[in-house]
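Number of protein chains: 2
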Amino acid sequence: MDIKALTERRERLLGTQTPLFYEQPIHIVRGQGVHLYDADGKQYVDMYNNVPCVGHANSRVVSAMQQQAATLNVHSRYLHEGILDYAERLTALHADPLSTAVFCCTGTEASEIALRMARAATGGRGIICTDATYHGNSTEVVRLSAASRDPEGNPEIRAIPFPQKYRPLDSDASEADLCDLYLARVRAAIDDLAAHDIPLAGMFVCSMMVNEGLPDIPAGFMARAADMIREAGGVFIADEVQAGFCRSGRWWGYEESGFVPDIATMGKPMGSGLPLAGVVARAELVDAFRKTTRYFNTFASSPLQAAVGMAVLDEIEDQDIRGNVNTVGRYLRSSLDQLQPAWEPMGDIRSHGLAIGIDWVKDRQSKEPDRQGVAAVVNRLKEKGFLMGSAGALGNVLKIRPPLVFSRDNADAFLTAFQESLQELHGAG
Amino acid sequence: MDIKALTERRERLLGTQTPLFYEQPIHIVRGQGVHLYDADGKQYVDMYNNVPCVGHANSRVVSAMQQQAATLNVHSRYLHEGILDYAERLTALHADPLSTAVFCCTGTEASEIALRMARAATGGRGIICTDATYHGNSTEVVRLSAASRDPEGNPEIRAIPFPQKYRPLDSDASEADLCDLYLARVRAAIDDLAAHDIPLAGMFVCSMMVNEGLPDIPAGFMARAADMIREAGGVFIADEVQAGFCRSGRWWGYEESGFVPDIATMGKPMGSGLPLAGVVARAELVDAFRKTTRYFNTFASSPLQAAVGMAVLDEIEDQDIRGNVNTVGRYLRSSLDQLQPAWEPMGDIRSHGLAIGIDWVKDRQSKEPDRQGVAAVVNRLKEKGFLMGSAGALGNVLKIRPPLVFSRDNADAFLTAFQESLQELHGAG
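Just so you know, the protein sequences line up as chains W and A, in that order.
Residue numbers for the first sequence follow the numbering used here, beginning at 16 and rising by one.
Residue numbers for the second sequence follow the numbering used here, beginning at 16 and rising by one.
It is worth saying that the hints were derived from the structure and are not from the lab.
Honestly, I wouldn't trust all of these hints.
When chains are identical, the list treats them as one kind, so a pair holds in a single copy or across two.
With a Cα cut of at most 25 Å, we get these calculated SDA-like pairs of lysine to any residue [stated by the list, open to error]:
hint : residue 1 : residue 2
1    : K19       : G139
2    : K306      : S163
3    : K382      : G138
4    : K306      : P40
Predicted model only: the values in this text are computed from it and were never measured.
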């Protein structure tokens, strides 16, 4: 079936506004490791997907899924050791206070749990987030994304400008002063909630601000914001849905960004494709949450989730995937740094391990974001067999976020295709 | 590991308030067909779980899951035929206007989609539900359960008394008059929303009111309520999470209850254990939803969901599971009807196929609900190797809801154990 017919059929069955990638959508039928294959057999290097963190169709993950599904897959109101073994191993990987886990199926559900937990534990309602965030798609979680453009419609939310060094609040400020400037916005949000008689529940941010465009955050901001929130009676929630599970070369984005949250949400790579997400938090927060909500999730904390989650952890550790992220991430970053001077559109390169963002600009001086430019590169690279996407508050950040088994050879092949694309689109470098 | 040690470990890792079944919790390690097995090898007949609708560890489902996970499991912004084939087959099973599908991972997410869709399509905000409903655990969906005890805290929701014949609004009324009485409550809710300047979005009810306790609904109520809601500018949402996929002996609970919704939500049995849920609706509602929300769900509409969902449909059809529900459901119901006269606590028996509720009472005259009584029966039957639970607005309904492969032999074995339990707890029948 050709692309046009498939697209039309999709619009009829799933709706006309269902999101699809690329000017010419692709029809993927198979995945293996870092590769995806389309219906014509064309091979792509996947540099987009963070969910299959240990590689597409990872045999250990598939086998764990098959074996557990053939043995037992049932809800969590019976005792089962698998989920306890998994919770024990997962919490042990986290900072000490995050000792207790609540499992669910999606990042949105994890965000819901975190919000309900923060509110149950503090008795507050007010949530502070950034003005370019995305934590999920439920009615309440969407408020966090909507608050900056519709403050009246979302009275319990305060959105602060996300901290960054590339397009900062004050371009003359030193990094230390910039940090203070952004912290003053957190302070102002706390005060404004208080002025409106909305007690603070907490602050909710992605540990590496991935959707904001992976900004370089002024040093110290996260730890000091967390302290400020706690002093004001709130809890600090780290969204690890994209940042966690060794994406940065450390287990958790909060380690990379230098802070310890009270609650951390997890999702995407956690089950390498099985819907598995969750929250870890201080025990008393989980107890307050469970006591007030009697939370139960039919498909979560299941033997299936436990077996697959465990297989992902096994694979990360046995294959030294964290080591690979550090080695290949550093190599790719330094290679891109070397290319940057020759290519005007590469305005700013920012990275943590195998999460790399290139801020695409019309010119270096004005830093004017080039959304069309990055789309052109993304589509060109797709033609050359490399899949990636764009992201960021301004939609102009080339997002490089491959499965964590991405190798140095993959990086070299990409660098060649990337330079060719730049040459074709922007002339000699 | 013994039950006590496991329970303590669970409290430490998952929180002290994590729900667990039975006075003495059970430690389940294996499932096959209609059976579950504990760590000591004791066999139980599962009469509780509606998720593994085609049986625990169903080999066709497990094999479909394994094969697809080993081939491709990726998000939905590439084209893939599997999800289109599944959407086509699923919508074809529904009433004609429900032609378009949105997939997600859990019933809660399906409820969120339905609410957002109703509000996007109508421009309204007000939702009418029953006073004993449960549609999920997100901040917004929980409002539907909370509205009856906290109307001020949930100003956009109106909860009406759920329609029933056993403890009706007026016990002297004929069924037709009773229907009118309940419809008058729907009317009053519509009017009250209007009086508060809250435009109506819709009404959201379980097609068979399973959580309410599976009441016998006065004839005509659902279809007339749906018409009334539509005339007032709202949409009628059927929750098929428990009622759907042949539980009643028909494909959908709304067929059983005689109405056609504008939106139907699905979940639990849909993936027989894989987190798979979704919404079907009229095409223009889906388009309105997608256009305003740009909804995307990382794990949903995936090749894995499609393959497993398809295997469940194959199994239901190839094994004539619907036929089994009708045969065994009728047999079990008539057998229970025969027992009822001898046993005072069996106040009322209500059923649709293999969803059976027995309203447990202290005496037939007063109909005083006996919550402790039903808990005693549930625990006694567990000892005898039959797993079930309690439900209903008053928590006193013995809930019989086995996997749909439950056989006549299973029913006979249960009926014996049930009579023994009654004898042991209540003396000679």
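Hints violated by the structure (listed by number, smallest first): 1 and 3
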